[in-house]
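Just so you know, the protein sequences line up as chains X and D, in that order. Using my numbering, you'd call the opening residue of the first sequence number 109 and step up by one each time. Using my numbering, you'd call the opening residue of the second sequence number 4 and step up by one each time.
Just so you know, the hints here were simulated from the structure itself, not pulled from any lab data. Among the clues, some could well be false.
[To be verified] Chain D residues, not near chain X, derived (Cβ > 12 Å throughout):
| no. | residue |
| --- | --- |
| 1 | Lys191 |
| 2 | Asn194 |
| 3 | Asp216 |
| 4 | Arg296 |
| 5 | Lys309 |
| 6 | Asp382 |
| 7 | Asn467 |
| 8 | Gly522 |
| 9 | Gly542 |
| 10 | Arg553 |
[Said to hold, decoys possible] Cut-off 20 Å, straight-line C-alpha distance, at most; resulting in silico cross-link-like pairs (DMTMM-like, lysine to aspartate or glutamate):
| no. | chain 1 | residue 1 | chain 2 | residue 2 |
| --- | --- | --- | --- | --- |
| 11 | D | Lys36 | X | Asp561 |
| 12 | D | Lys44 | X | Asp406 |
| 13 | X | Lys909 | X | Asp806 |
| 14 | X | Lys555 | D | Glu106 |
| 15 | X | Lys356 | D | Glu176 |
| 16 | X | Lys310 | D | Glu115 |
| 17 | X | Lys310 | D | Glu78 |
| 18 | X | Lys310 | D | Glu89 |
| 19 | X | Lys358 | D | Glu106 |
| 20 | D | Lys36 | D | Glu69 |
| 21 | X | Lys217 | D | Glu176 |
| 22 | X | Lys303 | D | Glu115 |
| 23 | X | Lys356 | D | Asp90 |
| 24 | D | Lys44 | X | Glu593 |
| 25 | X | Lys310 | D | Asp63 |
| 26 | X | Lys358 | D | Glu85 |
| 27 | X | Lys532 | X | Asp751 |
| 28 | X | Lys358 | D | Glu176 |
| 29 | D | Lys191 | D | Glu167 |
| 30 | X | Lys358 | X | Glu318 |
| 31 | D | Lys36 | X | Asp250 |
| 32 | D | Lys508 | X | Asp751 |
| 33 | X | Lys779 | X | Asp652 |
[Unchecked claim] Simulated restraints on C-beta separations:
| no. | chain 1 | residue 1 | chain 2 | residue 2 | range |
| --- | --- | --- | --- | --- | --- |
| 34 | D | Ser330 | X | Arg604 | 49 to 59 Å |
| 35 | D | Asn42 | X | Thr295 | 24 to 34 Å |
| 36 | D | Phe11 | X | Lys217 | 15 to 25 Å |
| 37 | D | Asp118 | X | Arg309 | 12 to 22 Å |
| 38 | D | Asn331 | X | Asn191 | 29 to 39 Å |
| 39 | D | Ala389 | X | Leu650 | 50 to 60 Å |
| 40 | X | Lys217 | D | Leu31 | 41 to 51 Å |
Beta carbons: idealized from backbone N, C-alpha and C, even for Gly.
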Amino acid sequence: MCPALLENEERCFGGMTFFAQSHPVEVCGSNGLPLTPNSITIYGKSQFLKTIHHPNLSTYLDIIRSKHERIVVVAEYNGDPLNSKKNLNTDDILKIAFQCLLGLRYMNKLGLVHRHLSPENILLNKSGNVQLYNFGLYFMTDCGKNVSFPIGYPKYTAPEVFLSSGVSSPKVDSWSLGMIIAELLLTKSIWSGVKLSQCLRKVLSLIHCETSVFERLAREINCYNIYKDLPDKVKEFVDCCLQIHPLKRKIPEELLKLPIFEKFLLQNEKEIEKNLYMNVIVRKMDELYYLWQLAGGDITVELKKQGLIRSRPPILSIPNLVILLGQMFGRRDTAGLFDLRVVKIPLDTLHQRLSHIPYIANYPWLTDQMRVQSQEELIDAASQLPLIIRERDTEYQFYRIVLYDRLLQVYPITREAIIEEAHKDIPPPVRGAVWAALLGITGDIQKYYDMIDKETPTHTDRQIEVDIPRCHQYSELLSSGAGHERLQRLLKAWVRNNPHYVYWQGLDSLTAPFLYLNFNNEARAFECLSKFIPKYLHKFFLKDNSAIIQEYLGKFSQIIAFHDPQLANHLRSINFVLELFAIPWFLTMFSHVFPLHKILHLWDKLLLGDSSFPLLVGLAILKQLRDSLLTSGFNECILLFSDLPEIDIELCVKDSMMMYQNTPPSITYRKHQFNQPKDINWLEPEPGTEKMPRICVDDFLDLLDNSPDRLIAVDIRNNIQFERGAVVGSINIPFTSVQLSLTHIETLGPHAKPLVENKNSIVVIIGPHDQNNALFADFLIKCGVVGVCSLQGGISALRMKSPNIIVAPR
Amino acid sequence: MNMPEDEFVEKTFIYKFPTCTTNQEYVLEVPLKIPYGGNVKELMYRIMSSFKLPCYVESDLLQSLEHAIKTLTLEFYDEKAEKALEDTISGNLDIEDIIKNWEKTYKQKTAEYADPIGTTDEELFAAAYHKLVHSPSLEPILQAEHKFGRDVTEVIQMRDSHYEQLTQKQTEEMRVAVESLEAGSTEKSINEMAGRHFEEQSLLQGHWGSRVDALKLDQRRQYRNWIMRLLEEQQTNMLPTPVGSPILSMPPIRPALDNFVHSEEKNTAEYPILEESFTIHLGSQMKQMHNIRILTGDVLDFCRTKKSDSGMDPTPQRLQTALGLYSNDLCGLVLLSDNHLGSYSGITKELCSICQLTTEFHFPPIDEQLEKIREDVKDAVAWRQAHQREGNDSQTKRSTGSKSLQTGDVYITRHSNLAQVHVIFHMVVNDSLRSGEFFMLTRVFAKFTGDINSRHSVILGLRNILKTACCNDVTTLTIPILLVHEMSEDMTVAWCTKRAELVFKCVKGFMIEMASWGGAELKNLQFLVPKGMSEEVFGTLATMLPSIFRVSNPLVFKATSTPQTPKK
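Just need the whole structure built from these sequences, with the hints factored in.
Given below as structure tokens:
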């Protein structure tokens with residue numbers, strides 16, 4: 109019998125909250141822009157903490173920035189704080205010390221200092237293992253600079269912290285740990301019930317201590333007997349921690365080398381080895397947190413319940429007076445005290461929600477085709493629902509995450525399967541990794557990224573600096589200091605890595621989604637960008653990209669004419685050329701046009717299509733604006749595009765997918781696209797015929813074979829040639845019989861009836877030479893006929909490729 | 004805490020490595036900033052490439068670089084800490100000072116060491132009221148408030164009529180006396196009479212004033228007790244219907260006074276109310292939705308509780324205001340006033356008399372609030388002097404010198420007994436008394452400088468208002484679009500459009516800025532046009548709105564079942 113999911117789950121969420129320091133009124137940064145609120149700075153900086161996974165550190169799960177500079181921090185909370193434990197023997201205490209040191213050593217390696225070590229922040233779980241809690245507070249507040257409250261528990265804080273301002277070194281943690289362990293060993297709280305000022309004075313008086321601090325403390329609290337009986341090695345350890353002079357005090361790494369920890373180190377190594385294959389199917393905390401939120405969990409509500417967020421009615425704290433310079437008077441505000449309390453939230457809600465899911469669903473089976481067995485009918489049923497709903501369904505997301513997790517573990521051999529699954533949808537937590545997989549990223553990307561020089565100044569720095577504070581700044585991530593810094597590094601790296609290209613404005617917007625998804629993985633963001641640009645924007649970033657943009661917009665106008673001749677005619681009649689709005693659309697692949705959450709859904713599909721897909725996205729956007737466009741003149745159109753109205757992105761994605769499938773691929777072929785298909789022999793269009801969409805013989809034959817009902821072939825050669833041999837079912841409208849100046853389809857006579865009625869078919873013009881084809885195509889488009897294109901190479905190409913389809917009509 | 008900016012030292016990292024072919028050693032010297040903030044690996048690769056080092060030194064270089072940075076950093080911190088310790092031991096640092104400072108920070112900033120602050124009476128009452136108005140007790144509460152309000156209003160009307168009678172009597176007496184100046188009365192007797200009249204007036208005023216105050220005090224006490232009792236009962240027995248209101252215990256008001264009611268209040272519907280609403284989008288990528296309304300009317304109509312026909316039932320607006328009072332959606336109003344903070348003249352006086360028509364149950368009465376603000380103004384003036392800008396800007400100089408509020412300063416009063424607003428932002432518009440004169444002044448100003456621009460103090464004051472609103476959850480705000488409350492003949496159409504355009508555009512800018520202030524978004528913004536504005540001009544202003552703000556796309560459902568676009 110398998111246990112249910114999340115049964116016996118000891119891990120909890122811990123929530124705490126504090127206020128960032130608000131800036132004094134109306135100050136500007138050195139660049140003249142308003143200062144970033146400290147809460148955003150903290151938000152950006154703390155993202156790094158989420159990447160820290162260590163058995164002795166509580167994993168950070170989420171940082172929430174809410175109104176009025178409040179920060180809420182969610183982290184794993186596993187066990188009970190040390191101050192609730194009684195009767196620990198020396199061995200237990202040493203184990204605690206050892207595990208704390210392991211955690212601290214790892215933190216120091218990453219350049220972090222705890223600074224807030226206290227018994228409340230050392231958690232002991234049922235099996236006696238230690239996790240350090242709240243270890244990132246000092247880091248995320250930029251060494252306390254972004255908050256107004258002091259970080260550190262007075263009693264456990266090293267004396268030099270009080271004496272000199274500025275950044276603390278890892279050695280302050282050694283001191284704090286020493287104090288905590290000393291207290292545990294002496295089984296008595298040091299200076300209990302002492303007033304704050306007294307406590308501070310006592311800490312500072314220790315600096316005059318000439319002998320062992322530990323001994324002195326023991327005498328002070330009348331525990332000298334206990335002290336005397338402690339083993340020498342233990343005393344040595346505490347003395348190493350409690351050195352007044354930082355010079356003599358050891359850092360955690362050195363402390364671990366003390367002989368007393370030898371056996372622990374050995375044991376620890378063995379355990380790591382043993383556990384390597386033990387907990388493969390334990391779901392990660394961040395996944396559980398994501399699902400818990402979907403199941404209705406809300407940390408803010410929990411904090412409110414516990415009174416940690418006191419909601420004082422705003423009308424009670426409004427100021428009396430605000431003078432011109434922005435200074436306020438008579439404000440009745442009391443909030444903003446730093447409250448250390450942590451709210452512990454069990455996973456019950458989630459456990460109930462997922463209780464009926466069998467345990468084995470945690471680790472799906474991978475078949476030899478590198479596919480994951482599809483789990484339930486549930487998935488199929490749910491996949492009919494709109495994406496927005498699927499993204500909020502706890503159970504559905506659970507299955508999807510498990511599935512992707514499994515596939516991504518063995519990537520790249522599962523790339524095919526990932527692409528297949530991505531056609532359904534991509535759950536938000538794995539989107540960064542899945543996109544990387546879709547773009548085919550493999551190898552040691554971190555090393556490659558590290559090797560690129562991102563520091564040396566270049567002549568594009570100035571422009572990058574100007575653009576970054578204007579790039580998707582509504583996003584808390586991208587507007588934070590950390591966001592700006594990372595975006596700058598990415599852009600500089602790209603420019604340095606692509607010497608044949610230049611930095612065009614818009615590259616920042618293009619990079620933003622990748623950075624947003626891979627905020628803690630710059631290398632992956634960079635690699636995604638590096639793969640994305642050649643795939644969709646080949647040569648767009650050349651110093652002289654006019655030819656490429658010209659061709660691209662030309663294709664776009666062909667696509668518009670092909671799918672929506674009426675709109676094309678209207679735009680032409682008011683002289684509204686595509687250059688007026690479409691360049692930023694395509695240069696940034698719409699990332700300059702839409703907010704990030706829409707780009708993500710759009711690019712989910714974009715990444716599955718080829719380089720022609722963006723053209724159809726552009727058309728789908730036009731389709732939503734169509735009604736306003738058709739009734740607008742030139743000026744209104746300019747206004748409309750300069751401040752684009754809200755676009756329904758799901759509809760846009762759906763429309764573009766549908767039109768993508770209805771467009772013969774050869775129509776969108778471009779000379780400057782990356783990886784031109786081999787089967788097409790590119791023919792330079794004759795001058796004057798560039799505006800006409802053209803279909804290649806293969807696509808034509810494919811249509812003829814597979815869906816002849818969707819094809820209307822119009823042969824514009826003269827009667828004699830037509831009589832000699834033509835495509836079966838084609839209509840003959842000799843070019844010479846057409847009066848081009850009369851744009852009425854009726855002038856073509858009864859032959860043209862299928863053209864008039866055409867709704868969904870493709871009209872292929874077969875003619876002897878391009879000039880006439882182009883004129884005739886233009887004529888049809890002006891008449892409002894949809895799906896007009898001409899056959900590349902005309903009848904002769906057809907005859908060469910597949911002579912048997914040409915027969916004499918009679 | 005003040006931290007020194009970016010402390011660091013320059014150190015040199017020396018790296019030696021042997022060559023393969025000769026016995027020589029290569030030596031590199033790299034300057035390092037300690038503490039080093041960047042990525043060590045990247046630094047290593049940069050060193051490799053700039054010195055063109057062979058790849059076999061890579062791991063060795065990384066190791067020694069990491070080691071060097073680690074030791075140097077520790078040394079740096081140790082030195083700093085040692086120095087501080089030394090200073091302390093030698094007595095250069097005053098320990099008592101340090102302890103005091105730290106104690107202060109801990110006490111002021113952390114909940115653990117701060118003096119415990121309980122919930123204040125204000126908060127308790129707020130919580131109780133908020134809970135009750137969101138329960139079935141809402142109706143009796145509103146009824147009680149309304150009844151109380153009517154009682155006060157009646158007494159006030161009584162006072163006014165007595166006052167009027169007295170004045171009439173005195174005028175008559177005076178007229179008679181002056182007419183018979185030669186025959187009988189002397190200048191002296193007239194002076195005496197004037198003195199007596201004045202005394203009578205003050206006596207009457209004092210009499211009624213104390214009567215109204217006593218009534219209000221009594222009402223307030225009763226009301227607040229009742230509310231708390233109501234909450235208690237509701238919590239204990241979950242009564243669906245609340246206990247009886249305190250009205251019954253009130254002394255009955257003499258019915259004889261009924262004929263005073265309904266005498267005024269008839270001139271409000273003089274002008275037709277024009278209004279138009281829009282839903283707009285702001286922002287280039289992420290779009291924020293807001294409702295915008297432009298309407299004509301008198302600014303104080305937002306404050307006046309309109310009497311319903313029967314006079315017995317509270318108006319629906321009161322319901323709205325009661326529900327929102329302690330919520331996170333407050334309604335605010337911008338009132339242009341003078342810097343005298345007085346209730347003796349101008350629009351503030353009118354506002355005061357409206358406020359005083361009924362009892363303020365939640366906040367101090369308006370005159371007390373103004374009194375408190377006057378005290379804050381002293382602080383503000385002191386602050387302004389202390390922060391005298393080094394800039395030579397004549398305007399700032401002039402304003403910093405003065406003892407009172409300046410143009411663009413804003414004082415704020417809170418109300419629970421007005422029709423549609425909770426918070427009034429009184430923006431000081433100039434030194435003279437009336438907003439009408441402000442107009443005169445700006446007109447003169449306009450002649451010379453081409454009207455106010457976006458850097459004018461009034462506009463900056465408007466920005467402060469929006470910011471305060473944002474930080475304090477005021478989500479509905481009414482702004483006089485022309486920055487005047489009354490129309491006058493010399494306001495030309497051109498002037499109106501120009502002023503409106505300026506305000507529209509500035510407010511739009513502030514609203515975009517608002518997204519970064521981290522408070523509540525303004526949901527409803529109302530632009531108030533002075534009443535009496537002609538329909539054409541109003542139309543011009545209304546059409547200006549959608550051209551300045553981007554009106555959101557209406558969702559259009561098409562009757563035809565076939566999709567219109569590309570093909571199908």
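For each hint, the structure was consulted:
no.: 1; hint: Lys191; result: holds (49 Å)
no.: 2; hint: Asn194; result: holds (44 Å)
no.: 3; hint: Asp216; result: holds (23 Å)
no.: 4; hint: Arg296; result: holds (21 Å)
no.: 5; hint: Lys309; result: holds (23 Å)
no.: 6; hint: Asp382; result: violated (5 Å)
no.: 7; hint: Asn467; result: violated (5 Å)
no.: 8; hint: Gly522; result: violated (6 Å)
no.: 9; hint: Gly542; result: holds (20 Å)
no.: 10; hint: Arg553; result: violated (5 Å)
no.: 11; hint: D:Lys36 to X:Asp561; result: holds (18 Å)
no.: 12; hint: D:Lys44 to X:Asp406; result: violated (40 Å)
no.: 13; hint: X:Lys909 to X:Asp806; result: holds (9 Å)
no.: 14; hint: X:Lys555 to D:Glu106; result: violated (48 Å)
no.: 15; hint: X:Lys356 to D:Glu176; result: violated (100 Å)
no.: 16; hint: X:Lys310 to D:Glu115; result: holds (19 Å)
no.: 17; hint: X:Lys310 to D:Glu78; result: violated (27 Å)
no.: 18; hint: X:Lys310 to D:Glu89; result: holds (18 Å)
no.: 19; hint: X:Lys358 to D:Glu106; result: violated (29 Å)
no.: 20; hint: D:Lys36 to D:Glu69; result: holds (13 Å)
no.: 21; hint: X:Lys217 to D:Glu176; result: violated (97 Å)
no.: 22; hint: X:Lys303 to D:Glu115; result: holds (12 Å)
no.: 23; hint: X:Lys356 to D:Asp90; result: holds (18 Å)
no.: 24; hint: D:Lys44 to X:Glu593; result: holds (17 Å)
no.: 25; hint: X:Lys310 to D:Asp63; result: violated (47 Å)
no.: 26; hint: X:Lys358 to D:Glu85; result: holds (14 Å)
no.: 27; hint: X:Lys532 to X:Asp751; result: violated (32 Å)
no.: 28; hint: X:Lys358 to D:Glu176; result: violated (100 Å)
no.: 29; hint: D:Lys191 to D:Glu167; result: violated (26 Å)
no.: 30; hint: X:Lys358 to X:Glu318; result: holds (18 Å)
no.: 31; hint: D:Lys36 to X:Asp250; result: holds (18 Å)
no.: 32; hint: D:Lys508 to X:Asp751; result: holds (15 Å)
no.: 33; hint: X:Lys779 to X:Asp652; result: holds (16 Å)
no.: 34; hint: D:Ser330 to X:Arg604: 49 to 59 Å; result: holds (54 Å)
no.: 35; hint: D:Asn42 to X:Thr295: 24 to 34 Å; result: violated (45 Å)
no.: 36; hint: D:Phe11 to X:Lys217: 15 to 25 Å; result: holds (21 Å)
no.: 37; hint: D:Asp118 to X:Arg309: 12 to 22 Å; result: holds (20 Å)
no.: 38; hint: D:Asn331 to X:Asn191: 29 to 39 Å; result: holds (37 Å)
no.: 39; hint: D:Ala389 to X:Leu650: 50 to 60 Å; result: holds (58 Å)
no.: 40; hint: X:Lys217 to D:Leu31: 41 to 51 Å; result: violated (25 Å)
Consistency with the previously given hints fails for numbers 6, 7, 8, 10, 12, 14, 15, 17, 19, 21, 25, 27, 28, 29, 35, 40, ordered from lowest to highest.
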